[in-house]
Structure formats: C-alpha cells, structure tokens
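Asks: Take these sequences, add in the hints, and give me the full structure.
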Amino acid sequence: MKHMSIPSGADLGALYRQVAGDYPKFFKMDVLSKLGFLLTEMLVADETDRFQPREDRAVLVFSREGCVANDRHYAASMADFPSPALFVYTLPNIVAGEIAIRNKYAGETSAYVLEKYDEEQLWALVREDFQDRCTQSALVAWIDCPSDTVWQADAWLVSREEILK
Amino acid sequence: MTKVFCTGCGVVTPVGDTPEAVFLAVRAGRSALQLYPAQPEPYMASLLSREGFNGPSFFEHIAIEAARKAVAQAGLDPSGPRVGMVLSTIKGNVEQIDSEDVSLAAAATRIAAKLGVTSKPVVVSNACISSLAALIQGMRMLRSGAYDHVIVVGAEVQSRFIVTGFQSLKALSLQACKPFDAARDGLNLGEAAAAMVLRAEMPGQAGHDGVMADTDRPSLWELVDGAVRNDANHISGPSRTGEGSYNALKYLLPLVNREQLAFVNVHGTATRYNDEMEAIALERAGLLDVPVNALKGIFGHTMGAAGILESIVSMQACDAGMVLPTQGFSELGVSRPVWVSAQEMSTHGTEFIKLLSGFGGVNGALLFRKGGAR
Amino acid sequence: MNELINELKLKVIEALNLEGMTPEDIDDNAPLFGDQGLGLDSIDVLELIVLLEKNYGIRLATPQEGKEVFKSMAVMAEYVAANRKK
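Residue numbers (the numbering used here), protein chains in the order written: chain A, 4 to 168; chain B, 133 to 506; chain C, 34 to 119.
Among the hints, a few may not be true.
Said to hold, decoys possible - Derived pair list, reagent style SDA-like, types lysine to any residue, alpha-carbon separation capped at 20 Å:
#, chain 1, residue 1, chain 2, residue 2
1, B, K252, A, A17
2, A, K119, B, K382
3, C, K44, C, R117
4, B, K382, A, R57
5, B, K382, A, P56
Derived from the structure by calculation, the hints contain no laboratory data.
Replies: If you want it as structure tokens, here you go:
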C-alpha cells in the first residue's frame with residue numbers, strides 16, 4: 004500500500020506550493036486539516052480521473068490529540084471576540100471533510116481518537132470499516148498534532164483487496 | 133451477516149434518568165429548555181443539574197452513569213476480554229482546556245477503567261453524527277468476530293467554549309427550537325449521556341448473559357445496518373442537494389420493509405439549512421409518505437449523545453405503537469412536503485430509521501428493527 | 034474614503050487568511066461573495082461580522098444583514114464610515 008509522511012515541523016506553506024498550489028482555502032485550515040490535505044495531495048496526485056465524484060472511497064482519520072492545537076487558538080479568541088473561522092475547526096473530523104471536499108469523495112468519512120498510535124487497533128478499525136459494501140478503497144491517516152509545529156503525520160492509500168487479504 | 137441486538141439502555145437527561153421516564157416526558161412535551169444568562173448574550177439550553185457533584189469531570193461522570201445503567205440492564209460483566217467500548221463525544225472535557233489534558237482518548241481510558249472494561253476503548257468523534265457513527269462502529273466490531281458485546285456510550289456537557297462558538301456562528305435560537313417549522317430560527321444546545329449495550333447474535337445458543345435465548349429475541353431491538361456519507365460540499369454548510377443524507381439513506385433502503393417502517397427520526401436541529409437539507413434528502417429517498425419526527429425541541433442538541441438518546445426514545449415509542457410528536461413544530465417550513473408528526477400518532481410499524489448530520493459534511497443513517505420481526 | 038477602503042482591505046486579507054493577496058488585487062467594486070471576485074463563503078461572512086465589531090464597534094445581528102454590507106469593499110467602507118462607534 005502507498006504511504007506518505009510529513010516530517011514534524013516542516014514548512015507546510017512551501018509544501019503546499021510544491022504539491023498543490025491551486026487551492027487558496029488551504030491557508031484558512033487548521034494545522035490538522037493542512038496536514039491531511041497535503042498528505043492526500045501527495046498520495047493521489049497521479050490518479051487518473053482524480054476529481055471525478057466518487058462514493059467508493061472512505062477517509063478515516065486517527066489521532067490522540069484530535070484538534071487540540073486549534074482548540075487552544077479558539078479558546079484564546081474567546082477572551083475578546085470568539086472567532087467563527089477558528090470554531091469550525093474545533094472538530095477532529097473537519098480534516099476528513101476538507102479532504103472529501105477537495106477530492107469530491109462522497110463516501111464515508113470518520114474520525115477516531117486512540118490512546119496512542121497502536122497499529123493493531125488502528126488497522127482492526129480500518130478493516131471493520133470495509134464492512135460498508137460501498138467502500139472499495141480508503142485514505143487512512145494518523146495525524147497527531149499537539150501543537151502547530153510538532154506532529155506525527157502519516158497516511159496510507161489502501162484498497163479493499165489489500166485490507167481484507 | 134451476524135445480527136446485532138441492543139440488550140441494555142441507559143440514559144442521563146434533564147427530563148428523566150430512565151428510558152421510560154424520558155419517553156413519558158417527550159410524550160407530554162415536557163422539556164428542560166430554559167434561558168441561561170451569559171455575556172454578551174444569554175442562551176437557551178437543556179442542562180443537567182450539577183447539584184451534589186464535586187468530582188473532576190462531570191462529562192465522565194454522566195458517561196459512566198449512563199453506561200452503568202445499560203450494563204446493568206444487559207446483565208453484562210464488562211471485564212471480559214470480548215467486551216469492547218466505544219465512546220462518542222464531540223468536545224468531552226474541553227471546559228478544562230486551560231488546565232488539563234483534555235484528550236478524548238484519556239477520558240475514554242478513564243471511563244473504561246471505571247466501568248471495568250479491559251479491552252482498548254476507541255473514541256468516535258465525527259461531529260454531530262458521532263453517536264450514530266459510534267453505534268455503527270460497535271456493530272462492525274461485533275461483526276468482525278473480535279467481540280461478543282460492545283458498550284457504546286455517548287455524552288456531552290455544555291461549556292462556554294461550545295456556547296460562544298455556536299453564538300459566533302449565529303446558529304442559536306433564543307427560544308425553544310422549532311424543528312421543521314416555518315418560524316424556526318436556530319438550535320438549542322443540550323446536555324445528556326446515553327448508552328447501549330450491543331450484542332452479537334450467536335445462532336443456536338443463549339449468551340452467557342442469559343438474555344439472548346430465542347424466546348427473548350422478539351422483545352429486543354436489532355441494529356440492522358448503518359452508513360456514514362459525506363456531502364463533499366462545505367465544512368459547515370449543509371448540502372443544498374442533501375447529498376450525504378440521501379446517500380446514507382440509499383444504502384439502507386434495500387434493507388427496509390416499507391410497510392413496517394414506522395417513522396424516520398430526523399436530526400431536525402431547527403436551523404434553516406439543516407432542516408431544509410433533510411427535507412430534500414427525504415424526498416430524494418422517496419420517504420415523503422413516512423412520518424417524520426425530531427426530538428431537539430425536548431432535549432436540545434445533545435451533540436455526542438444525540439443519536440443514542442434519540443434512538444432509545446424512538447425504540448420506546450415504537451414499542452408503545454406510537455410516533456412521538458415533534459415538540460416546537462406547528463407549520464411546515466421546508467420546501468418539500470415532509471410528513472412531520474405534529475401530534476402523537478399510532479403505528480403498527482416495527483422499524484425506524486435514525487438520521488443525523490454534522491459539520492465536516494458528515495451524515496449518518498441507521499436502521500432499527502424489532503428483533504422478532506421479519 | 035480611499036484610506037478607509039485600503040485599511041479595510043488589509044484587515045480583510047489578514048482576518049480571512051487571503052494568502053498572497055495585496056489591497057491592489059481587490060477591486061473596490063467587485064463582489065466579495067459568489068464565484069466572481071473574492072469568492073468568500075458563509076464562514077467568511079461570520080468572520081467579517083467579528084471584524085466589524087472588533088475594529089469599529091458595529092454589531093450585525095444576522096448573516097443576512099452581513100450579505101448586504103459585504104457586497105463590495107466600497108459598500109463596506111461606506112457602511113463603516115456611517116455606522117462606526119470607534
């Protein structure tokens with residue numbers, strides 16, 4: 004299965020210009036969504052019919068900290084004027100939604116929080132998600148960012164055959 | 133495919149602490165919604181009393197309480213290796229963000245330990261559909277063969293964090309919300325915890341909890357199947373075509389006995405756009421001739437608990453041969469002729485569909501069926 | 034008025050994270066929403082409502098009101114000039 008990773012602390016703006024460049028909404032995203040967006044760009048760049056709407060690809064995002072980095076930014080904004088643009092990113096599943104919007108994935112999108120990166124537990128959940136008869140492939144990501152500058156960001160593109168073999 | 137049954141339910145709500153009491157409250161239109169003072173503006177919400185509570189986390193307290201009730205009703209020993217746990221919540225302990233580790237994972241680990249669950253818990257945090265997605269995950273865990281029982285618990289407490297956020301989105305109504313009504317102008321927030329014990333059917337044998345003998349089946353509810361679908365449209369605005377909701381319904385329709393379908397219990401937050409989106413999805417799914425009801429006028433939007441709580445109340449209603457009224461609704465205010473249940477109606481149906489939608493463009497649908505039916 | 038328009042443009046670029054844009058890139062009369070012009074969306078409207086309150090003490094009650102005020106930079110500047118409290 005195909006795998007991509009973004010080293011902790013990398014310059015995400017520079018990476019965006021390198022792998023995408025045509026999606027200014029990127030700069031409105033929280034760090035979690037930026038990482039998910041870029042990992043997906045890197046994984047699916049060479050797919051044919053890439054932007055054709057599809058329901059057969061799931062987006063499954065895992066982390067320990069969820070969206071806590073952005074939660075802190077929103078909490079800081081509460082002191083004077085709570086920011087709606089920050090509040091909408093105070094959900095760990097928004098990254099999956101951003102990936103779905105960009106790539107027109109109308110299939111399942113789910114976000115999970117685990118105590119730690121646990122390969123056995125993570126892939127058991129992914130295998131379970133293929134019980135949805137519609138799902139033929141999945142974008143699976145472990146993106147854990149306790150702050151805007153420190154993270155683990157890994158993603159895999161897996162097919163039903165690879166998962167259920 | 134392995135059948136999945138619900139063998140225990142537990143609830144903690146401002147209008148009752150048992151499924152029966154909550155059902156009666158809904159039937160009587162008794163809600164706990166009230167206006168709470170706050171700066172810069174007040175908000176209408178359905179909140180739990182903290183009286184007598186002095187522990188570190190009220191959120192974890194109510195989650196444990198609801199799960200214990202469900203476990204007791206199911207007669208389950210939660211410590212076995214084949215008992216799983218799924219926690220559904222959106223913001224968990226977020227009110228303590230300045231002082232504590234508010235990771236949802238840490239909360240789940242503590243809740244599991246308090247319940248005596250020894251397997252690794254998982255948190256499903258999929259915005260406002262979290263609780264339906266958690267039930268679906270519980271079903272999948274059972275069908276994978278790795279578990280015999282899964283405790284699915286959803287809980288949400290409100291805080292300044294959530295209230296100011298929804299205020300900044302201009303999504304809150306200052307009155308009791310009016311799902312699907314012409315005069316609806318926003319949602320109310322709510323607090324609750326709700327839990328189900330799910331159990332995989334093992335054909336030909338009663339379970340060790342003794343409640344799964346064939347003679348018990350007709351009184352139990354089956355979770356037939358469910359789906360999660362994305363609108364792929366906008367992170368906070370509902371789809372103008374009801375795309376994700378429709379696709380989730382479409383997945384279930386081949387499994388539905390149409391003449392047995394009692395009602396669809398919709399999300400019905402009472403925001404302009406959500407209810408309109410659901411109306412379009414229901415029309416596309418050919419469900420305009422099925423009664424529809426929404427319970428947010430009683431509980432407010434209980435976020436991570438909503439799907440489990442509203443499903444438990446819907447099971448009670450179906451057991452009583454009843455479609456519950458939609459509190460707050462009087463005049464249809466969506467563009468499609470949805471059959472919103474304004475008053476209590478009787479039904480012989482033995483199935484219902486639960487619908488939810490949320491930020492991030494997610495939508496979920498789950499089909500419930502009375503265990504002895506079909 | 035031109036000074037206010039320029040000031041607003043800088044604030045909008047910052048508040049909405051319009052990466053790489055300068056005030057010169059935004060036409061005074063171009064629509065801010067929809068497919069033409071800046072292509073802002075419903076969350077941007079809400080963020081602009083916060084911007085008005087924070088910087089000029091103007092409170093808009095509903096996003097619908099916002100849609101009127103945020104038609105273009107020129108309209109917005111006129112509204113601010115007429116209604117500002119600070």
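Asks: Are the hints correct? Go through all of them and say.
Replies: Hints versus structure:
For the suggested pair K252/B and A17/A, the alpha carbons sit about 38 Å apart, so the restraint of at most 20 Å is broken. With a CA separation close to 35 Å, the supplied pair K119/A and K382/B exceeds the 20 Å bound. The straight-line distance between the Cα atoms of K44/C and R117/C is roughly 15 Å, inside the 20 Å bound, and the hint therefore holds. With a CA separation close to 15 Å, the supplied pair K382/B and R57/A stays within the 20 Å bound.
The suggested pairing of K382/B with P56/A holds, with an alpha-carbon distance near 17 Å, which does not exceed 20 Å.
In summary, the numbered hints that this structure violates are 1 and 2.
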